[in-house]
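A.B. asks: One letter stands for each residue in the lines below.
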Amino acid sequence: MPGFLSFENVTKSFGAVRAVDDVSLDIARGEVFSLLGPSGCGKTTLLRLAAGFEMPDSGRILLDGHDITHLPPETRPVNTVFQNYALFPHLSVADNIAFGLRVAGRNKKDIAREVDAMLDLVRLRSEAQRKPAQLSGGQKQRVAIARALVNKPQVLLLDEPLAALDLKLRQHMLAELRAIHEAAGITFIYVTHDQTEAMGLSDRIAVMNAGHIEQLGPPAEIYDRPRSHFVAGFIGDANFLQGTISAISSRSGCEIDVPDFGKVFSAEQMNLPVGTCVEAIIRPEAIQLLQPSPDVSTSTNTCDAVIDDIIPLGTLTRCIVRMNGISLTAELPRKMLPAGVAKGSRVLVRLDSASVLIMPRNDGTPAAGNHCLDDDKSVVIP
Amino acid sequence: MSAAKNIPSRRAEWLLTLPSLGWLAVFFVAPALIVFLLAFKTADATGGVSAGWTLDNLRALADPQYRPILWRTFWISGTTTLICLVIALPVSFAMARAAPRWRNFLLLLIIIPFWTNFLIRVFAWKTLLQSDGLVSQLLDATRLFDESPTLLYNSGAVLLIMVYTQLPFAILPLYAAAERFDFTLMDAARDLGASGFRAFRSVFIPGISRGLGAAALIVFVATIGMYVVPDIVGGTDSEMIGNKIAQRAQGDRNLPLASALAAALLFCVLLLLILCSSAFRRSEKLDNALKGELQA
Amino acid sequence: MKRSRFPVLVTAAVLLFFYAPIVVLVINSFNASRFGGSWEGFTLKWYEKLWNNDDIWSALWTSLGLATLASLTAMVLGTLAAFALHRFQSRLQKIHLGTLTVPLVMPDILMGISLLLFFVALGVPTGFTTIWIAHVTFCLSYVTMVVLGRLQDFDFTLVDAARDLGAGRWQTLRRVVLPLLAPGIIAGGLLAFTLSIDDFVITFFVQGPGTTTLTLRVYSMMKVSQNMPVINALATILLALTFAVVTLSFKLTRKQTAP
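Chains as they are written, first to last, in my numbering: chain D, 1 to 382; chain C, 383 to 678; chain S, 679 to 937.
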């Protein structure tokens with residue numbers, strides 16, 4: 001599928017730093033596409049390349065089939081909502097919104113009509129004559145969006161638009177952004193380091209790290225099936241267990257041997273030979289804690305453990321459990337906690353085999369000399 | 383990073399730089415060079431400069447007529463600088479410790495005389511100090527002196543009014559430094575047993591040393607080039623090098639000699655500027671090195 | 679912990695020292711006594727004499743015209759210089775900054791004598807033009823520093839925002855950059871205007887026959903100790919103007935955004 005906005009092998013360096021490293025990406029017409037990653041991963045540079053504030057060192061950027069790589073920002077049918085809004089402090093709300101129409105030389109009547117329509121859309125009609133300094137954070141945010149949308153851009157670029165707002169307002173603005181996207185029906189590219197914003201808003205997410213895209217897909221897929229250690233760690237919390245594949249079943253999955261824990265079974269179909277060093281990824285909510293009793297067999301995916309700490313989070317409770325040399329973080333509804341557990345209690349840990357993800361460590365080939373080097377200990381495979 | 387910044391344009395830089403740099407090159411740098419050049423010329427009868435070259439003007443600097451004046455110039459400037467710093471230190475301290483509302487008001491009060499016409503400020507003192515002026519009358523009323531002392535046209539008057547005119551120049555850089563000073567350090571020193579004055583001396587003063595350097599430089603350079611104050615309230619025994627330059631240039635129109643005097647003064651000023659800027663750079667480097675060590 | 683009162687007392691004494699001569703001068707401008715030693719009743723006759731003094735009026739017009747021209751020139755040159763210093767970090771700008779900084783600490787008399795020698799060496803007759811050149815030269819650095827300070831607070835994402843919304847370079851400059859920098863440029867201009875009106879020493883060196891500025895006129899009146907009370911009256915008016923200008927520029931440079 002050819003994208004509406006496409007990056008083709010785009011590279012951009014600042015001095016010795018490759019901010020964007022050979023990125024190719026197709027964004028479909030009308031979708032909300034998020035660029036998610038930690039600061040310095042290149043997401044903002046990618047956005048600035050799309051806006052025209054930066055020129056790539058190599059590669060092309062296409063919009064609706066036209067090469068826009070070297071167009072200056074003012075001639076691109078693309079508008080930006082800036083991180084700190086960048087509202088013109090000397091202009092009123094209405095004049096800020098009218099700015100793009102004025103420099104385009106539109107006639108006064110058209111400008112007034114379209115500014116009015118925008119003021120209604122973002123519900124700021126009564127603030128039209130105020131200066132940005134007199135507005136609240138949420139209002140400034142809405143002016144910034146209106147100021148961009150009034151130009152009817154083909155793509156709206158949003159650079160961490162909610163970063164400056166507090167939590168409650170952020171959730172509210174997220175819903176509002178969804179509504180505005182619905183009403184405007186144009187492509188949104190949304191840059192954020194906050195996974196909940198990206199998950200809650202996007203059709204697709206590209207997780208970026210060190211200038212390249214680690215994984216691209218719908219939010220659920222990125223969360224459920226992270227394809228790298230980085231993605232698993234960045235999107236939500238994750239426990240990582242180091243082990244070696246000990247048995248493979250072509251139908252139901254594979255079994256790995258995790259030192260200090262025992263056998264862990266994963267439902268994942270992995271095309272890896274026995275003996276491969278792997279990493280098992282377990283989300284905190286995929287861990288069950290049970291009352292230790294002789295009825296429950298201590299077999300695959302279970303292990304005796306001691307509660308190290310209990311941290312109430314509200315609806316969920318976080319428990320840090322320790323077994324021999326490793327510790328895991330579990331998060332479960334309070335009701336699901338075994339009766340009477342406290343710090344120091346003995347519990348039985350059980351992993352949900354359908355939620356255990358396996359990925360090869362490093363290059364994934366069996367380690368030479370049958371050694372899997374862990375951080376501080378090595379395990380000899382019999 | 384702005385869009386403007388990442389389009390490196392050599393031509394745009396020159397277009398923006400050339401007007402001011404060109405103006406200063408022609409009307410500031412070139413005239414300064416000419417001062418050094420004309421010092422080796424001879425005067426002609428019409429007040430202009432003749433074609434020949436000579437070393438007479440430089441020799442004249444060693445003349446007994448000028449030596450005491452050079453000495454006096456440094457003496458008065460040094461004393462003025464010292465007095466200004468001693469007074470400005472507690473003032474900047476008090477200003478920096480004042481409530482923010484007061485701080486801006488005090489700053490405004492210090493700045494207004496700084497912006498008031500220089501001649502008028504000197505003139506105000508002249509009326510105060512003249513023989514039947516207010517200060518004389520006050521002194522007569524105390525009956526300390528049999529005969530009212532002459533308050534004007536001496537080095538004392540020059541010194542007093544120099545301090546009066548230069549004090550704001552000392553207070554402003556010291557205040558700028560004091561405002562950035564971390565006053566919890568003073569509390570810490572007192573907590574450790576230092577007296578108020580001891581804390582002021584061994585924590586506050588070292589803390590604003592760079593402001594002190596700037597204040598001293600500004601006041602000293604401004605006073606060694608002073609002309610108006612000794613001219614209006616000084617006598618013949620309180621003339622400074624500035625007076626001599628003005629007399630040679632505007633009085634008897636010996637431009638090469640004026641040029642030689644100015645060259646000597648310019649040389650001192652430039653030497654001071656170079657010394658201070660290298661001292662400043664060294665202290666900055668030392669600062670950075672210390673910071674680096676602390677972080678490591 | 680008790681704080682020493684000493685610094686506060688010194689500050690109070692300094693303010694008294696600063697303002698006492700000025701206050702006496704203002705009071706004397708309303709004093710009927712010719713020599714100001716004692717109070718001989720309220721009068722406005724010195725103001726009347728000032729009003730009727732044609733020399734002072736012509737000197738005032740010369741000074742105002744000169745200050746306007748010099749400050750406008752310095753505003754244009756200084757604003758360009760500030761943009762160059764802010765936008766580029768090159769060797770050229772290091773030299774540029776150095777050349778702009780030295781005049782700030784150069785004693786007036788050196789600037790005056792060197793310009794005089796320069797004009798004499800080139801055979802340029804001194805007069806209005808040479809005074810204008812001298813004033814622009816010493817005002818330029820001050821304007822540049824004021825505008826540069828303002829530029830350092832300027833949010834350059836606004837330039838990105840303007841271009842993103844379709845404004846070209848020129849429109850961005852006219853609609854966003856200049857309106858936002860205007861307070862800084864005007865404050866710099868006001869500073870230049872006052873410096874030009876106030877300057878005596880440099881003007882004294884580069885003056886020519888037929889061009890007498892206000893300070894040159896005041897100086898010659900002071901030298902001959904004639905019409906002292908008229909100078910008091912003139913000084914009082916200048917003080918009031920200075921006060922107004924300082925307050926205005928204080929507001930312009932301190933306040934970031936107008937309500």
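FYI, nobody ran anything at the bench for these hints, they're computed from the structure. Be a bit skeptical, because a hint or two may be false.
To be verified - Here are the computed lysine to aspartate or glutamate pairs in the EDC-like style, where the Cα-Cα straight-line distance is at most 20 Å:
#1 Lys335(D) <-> Asp309(D)
#2 Lys131(D) <-> Asp120(D)
#3 Lys772(S) <-> Glu666(C)
#4 Lys772(S) <-> Asp619(C)
What the hints assert, rightly or not - Among the chain S residues that face chain C by a calculated CB cut under 10 Å, a handful are:
#5 Gly719
#6 Thr721
#7 Leu722
#8 Tyr725
#9 Trp729
#10 Ala760
#11 Leu782
#12 Gly805
#13 Phe806
#14 Thr822
#15 Ile863
#16 Asp876
#17 Pro887
#18 Thr920
Unchecked claim - The following residues of chain D were derived to be distant from chain S, with all beta-carbon distances above 12 Å:
#19 Val17
#20 Asn84
#21 Ala112
Remember, it's a predicted structure, so these values are computed and weren't measured experimentally. Here a beta-carbon is modelled for each residue, glycine too, at the ideal position from N, C-alpha and C.
A.B. asks: Hint by hint, note whether the structure agrees.
C.D. replies: Hint check:
| no. | hint | in the structure |
| --- | --- | --- |
| 1 | Lys335(D) <-> Asp309(D) | holds (17 Å) |
| 2 | Lys131(D) <-> Asp120(D) | holds (18 Å) |
| 3 | Lys772(S) <-> Glu666(C) | holds (17 Å) |
| 4 | Lys772(S) <-> Asp619(C) | violated (44 Å) |
| 5 | Gly719 | violated (17 Å) |
| 6 | Thr721 | violated (16 Å) |
| 7 | Leu722 | violated (19 Å) |
| 8 | Tyr725 | violated (16 Å) |
| 9 | Trp729 | violated (19 Å) |
| 10 | Ala760 | holds (9 Å) |
| 11 | Leu782 | holds (9 Å) |
| 12 | Gly805 | violated (15 Å) |
| 13 | Phe806 | violated (16 Å) |
| 14 | Thr822 | holds (7 Å) |
| 15 | Ile863 | violated (14 Å) |
| 16 | Asp876 | holds (5 Å) |
| 17 | Pro887 | violated (13 Å) |
| 18 | Thr920 | holds (5 Å) |
| 19 | Val17 | holds (18 Å) |
| 20 | Asn84 | violated (7 Å) |
| 21 | Ala112 | holds (17 Å) |
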